[in-house]
Amino acid sequence: MAISAIFFLDIKGRIIIFRDYRGDVSPKYAEKFMSKINEMEEAGKLSPVIYDDGVTYLYLQVANLYLLAVTRTNVNACSTLVFLHRVVDVFRHYFQELEEESLRDNFVIVYELLDEVMDFGYPQFTEAKILAEYIKTDAYKMEATVKPPMAVTNAVSWRMEGIRHKKNEVFLDVVESVNLLVSSTGQVVLSEVVGVLKMRAYLSGMPECKLGLNDKVLFESQGRTSKQKAVELEDIKFHQCVRLARFENDRTISFIPPDGAFDLMTYRISQNIKPLIMVECSVEKPSRSRTEYLVKARSQFKERSQANTVEIMLPLPADAISPTMKCTQGSAAYVPEKSALVWTIKSFPGGKEYSLRCHFGLPSVEAEDEGKGKMPPIKVKFEIPFFTVSGVQVRYLKVIEKSGYQALPWVRYITTSGNYEIRMV
Amino acid sequence: MSDGKYFSTTKRGEIHELKEELRSLDRPKKKDAVKKVIAAMTVGKDVSMLFPDVVNCMQTDDLELKKLVYLYLINYAKTQPDLAIMAVNTFVKDSQDPNPLIRALAVRTMGCIRVDKITEYLCDPLQRCLKDDDPYVRKTAAICVAKLYDINPELVEDRGFLDMLREMLSDANPMVVANALAALQEIQELAGSGGKDLLQMTSQTLNKLLAALNECTEWGQVFILDSLAAYDTRDPRDAEKIAERVLPRLQHVNSAVVLSAVKVILRCMDVVALGPGGGEETIKGWSKKMAPPLVTLLASEPEVQYVALRNINLIVQRRPAVLANEVKVFFCKYNDPLYVKMEKLEIMIRLASDKNIDQVLLELKEYAQEVDVDFVRKSVRAIGRCAVALEKATERCINVLLELIQTKVSYVVQEAIIVIKDIFRRYPNQYESIIATLCDNLDSLDEPEAKSSMVWIIGEYAERIDNADELLEAFLETFPEETAMVQLQLLTATVKLFLKKPTESAQKMISAVLSCATNETDNPDLRDRAYIYWRLLSTDPEAAKDVVLAEKPVIADDSSTLDPSLLEQLVSRYLATVAAVYHRPPETFVSRQRMAVTRAEELGSRKFEEDDGATPGTMVSDNNAAAAAGAAAAAAATTVGDLLDLSDASPVPLPPAAAAAATASLATRGLDDLLGGLDLGGSMVPSSIPHVHPAAAAAAAADPFAALANPSPAPTPLGISPAALSQLPVLLANPGGVSVQGRLVRQGGQAVYQLALRNDTLAPVDGLMIQTNRNSFGLSPVSQVLAVSAPGGGAIPPGGLAPVRVPLLVDPSKVTPPPLNTGLQVALRTNQVGVLYFNDTVPLSALTEETGTMEAADFLAAWKALPPEASTRLPLAVPSAEVAKQRLAAANLFVLAHRQVPATGQDAIYATCRITAGGVGQVLLELKFVAGAGGVDVSVKAERQDVAQLVFDGLPAVLLGAA
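Residue numbers (numbering that gives the first Met the number 0), protein chains in the order written: chain F, 0 to 424; chain H, 0 to 962.
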């Protein structure tokens, strides 16, 4: 039911620091970990949950570290792995970078934190901001009278009481990222929009907030047939501050926000959308050792919007020789270490088409059998400000606090590329 | 300020210097020294010799220093148990500190110090902290109860901590509720066979938990959801209520909360399905709400995605409707880690349907041209599996495979040929037109599986391939160097060729192959198969044709389908856990069972190793092996179906205990394989092997103890005189140590162990605890603690013989999977001589229930309804049928009828008994006494086939009056 110990290992599998919670899995097992995963990898059976000699290992790799949890019981694997990710978040909050040096340099804090986030192998508390209230990095400022903040055990475990801000402001960014997969024949195989409402709240006291969106389900339940376009949001996920039962009842999004930046909610929309930026690449091979790419990039959104910092990454064969290219807009460069051509366009207004032509050579002797696999897909990155693909709009954001101050809400919209892939022919 | 510098001190005399510094009166210096000690500990240096000096630093109001000292204590208290007591005072003091952080810290740390002597001192502070005003302290104390239980369960029960925990489920603070719940569940699991329902989940507690669910931290929510999934309700209204309250959790941002909520809802679906109308509408509604959150799990971190996908795989098998329209979201992204891609493929295959197959095939074709070889292979296989599963799409699948073969990439071609062979098996005589294309690619075959697939195709369709003989001949050139798999296949294919086209060249080939396979090989499978063919061909070629060219059964794709009962268990009980990731029941990998056993192993490991050279883990893993054997057998069964797997006689590596069982199953399996290879179908199934009865002989030896059945005048707690006591069967002889005598009987409606413990050591022995390993009947002691009634009061004096009565109960969670086995492994723990293990067998009479009789009429009906009986003859000398009847009745085998068979004058007795333990059920018996010969013919009928052996083994002891 619970985790026995947590280890931080370096890239070679040596233990940097560990905390034993139950005393039934000795560090010897952690020392075997590396050879076990090498063995699994060779067999092509590597996964984040592996079993060896009565012990289950659940692990993540972060930068040059392995973060490893071990157990002899049937633990909740999902919870354990999410927990390890949270531990990484907590440590990043404390040390900025999580790496070997930062662990050693802060080993006292590391032990303190490991003692607090988990007890007897049960995850306890992983809210970095609140932990920072009673586990301080600077040892000399520590006073003996530090008490656990009410928040640790409270129903509102994410916010301290008595917060004061001179100016009461809320910033809300609606960020939508588009995941797209286009087949080599130009058909959209998969398209989905993942939206995040990123909030930065600088509000005093214990503010009650209420957020209104143009949510289709809500509009329908209220029998509203306003002219405003409503959006059907699939699978909404909320930050733990949002009252889920209330949302389930009447679709009201009400919450007491944490102080500072957090993700209020995420949602997903999987209706078919036209690729915002479509890239077509035709390949011609005039001779065995010459290849030519003709690439067309087309923006398929309204003309008044504009995509910024568009980056189109075109894969080239690993053994391509001296590629030369020419484009009608922006600039293009060959990046040998990625075996790719990167075409950058600073601003790309809607309804435009640009093109690029690229020649490169190939060695006359063909490498044997190796690399016969397909080329990786074309990847596109972009940002379109003041625009959401889904049409989601924030109708209101009300802030009510008992001291009665007026809070200023600021809302911005932006659409970016997520996993945006177009397969090569 | 960086603490990294503390790691750099590695000069000589360091320890001495540290000692000095620890004793320093200068506080910063002292703190620095403690940090150096901890740094040394972190890099694995032994600094245990500084124990007293470090503990002296404990009394401080510097919280950071205190935490460091506590950390040191946790690490080294075990090695210095006597010195650990030094810390107790400070702990007790700290647990009353005005600062709740310090109170909680003290309780948390004390629980981690696993030294028996300290635990007593832990009780009072713990009791106070459980009632603390501060919820932070209470939530820490709740977990501490579980820690204490792990070290000393009796103490926890005696001090009433369990009741306090239960009360805490009503605590106003949600975090306290969640931790109390986690602690109770842990204890429940440790206590296991205690059988007591610690949670005592009433509708009231249920409501409290559901209320706390809305308010506690994400981790607390996971604890609560996991315990709700374990809550056993049969009431559909209850289930509906729970599910309605849990549904909002699907909106939580934490994937673990979502997956645990999904588990609860799936569990509720099972219950609702039992209700009126099968709850169809409700289930549909919930399924609809569940799909989007499951899809969103795929956007989480790759490790979490992997766990989610393994679980989704189970959900898709159990409730296919939930994600039926979502196949697209499982398409692989180019940068997905390999382990994610592999799992996505599995799910794509499961979700493939006539509606979406075109899309799926386009994707699979794409993957089959990627770079990673393992992924490419699996993608090609996936195409084959779709073809086998979806009849309408087969042609499209084959076309894709043919396109892939054109790529001429060696491993793609080989993989494609392997799956095409499966397609031929599934749809015979439909797609043979493509054989020509396959034959163009023979040169690229270098892997055994691909080769043998191709050879099978050539043999099977020899009449349609013009140059089949030439092709085979080319393969035969390398016959001696091939792997067994290919050799077997070549042999069969050549025979097929010969039977279909008895040309001259075929004749030459067949004689060459047969002589090579019989004379020049060490492989018995190959040799035997060659001999069988040889004999068949030489005696009756027409019969050989019938046999070798018989029609084969149609195959189906079941390569990764789970047993339905396991599937149900994994989905509605273990979703999100490691078991659901492995797709295996927890018994097969959980190596920590009950505390007593683990601890016993820890203590007794040395002795155990000396005794029989086994590792301490054996006892537990043996068990697992038994479970694994079941799985292996199932795996074997599936492979048998596939003709081409028949040469794969190399057994799946099995843990030792399963080996015995596996050997037996392998033996029969080998036989099946062989016959399968001959395409005999079911016509030549070997007749069943006669039963052998070692137990019957053993029973005669047990006879002297029959005398013990009469209670003697001076009763001991067992109801046996001291003299008789020493005559109990010896279970464990240990001259100069502790010996165990005893037997299992049935008393007062339960199985009871009558034990006599002899202490031949020179000191009193106390601290006796007993535990049984998992067994076929789930027998487990009611209490682990042995109440020894010896003059020493709980201790057995040197030279003493103490009788102990150990009632056993039936704990369904400790039942091992079939087949039934009367073996019972027992561990006995003492403070002085560590852990003793002994093996016993469970007599029939200890299992049969007092109320197990039935009406004669019902007996007749049941006799007809049950599957055919198993019979055997037991060579027993029973004085008369009347005596036998008495003895049967004494063992709760109820005699319903007695008649004489007119023709032979034999006495025939009809009896019945019932055994609930291990799910044996009602057993019907017919006993015929063979006049003169002194034997008894026994026939047994029961729901389960493995029951007969149990009765055959157990009956001699009953009939001879040994029980």
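There could be a bad hint or two in this list.
[Claimed, not checked] List of simulated lysine-lysine pairs, DSBU-like, C-alpha gap at most 30 Å:
#1 F:K378 <-> F:K351
#2 F:K337 <-> F:K373
#3 F:K284 <-> H:K407
#4 F:K11 <-> H:K4
#5 H:K4 <-> F:K380
#6 H:K288 <-> F:K273
#7 H:K544 <-> H:K507
#8 H:K288 <-> F:K373
#9 H:K4 <-> H:K29
[Said to hold, decoys possible] Counterexamples of contact, computed for chain F against chain H with all Cβ distances above 10 Å:
#10 A1
#11 K35
#12 K166
#13 G185
#14 P348
#15 L361
#16 S402
Worth flagging that the hints you see were computed from the coordinates, not collected in a lab.
Remember, predicted model here, so these are calculated numbers, not experimental data.
The beta-carbon is built from N, C-alpha and C at its ideal position, and this holds for glycine as well.
Worksheet item: When the hints from earlier in the document are held up against this structure, which numbers fail?
Response: 5, 8 and 10
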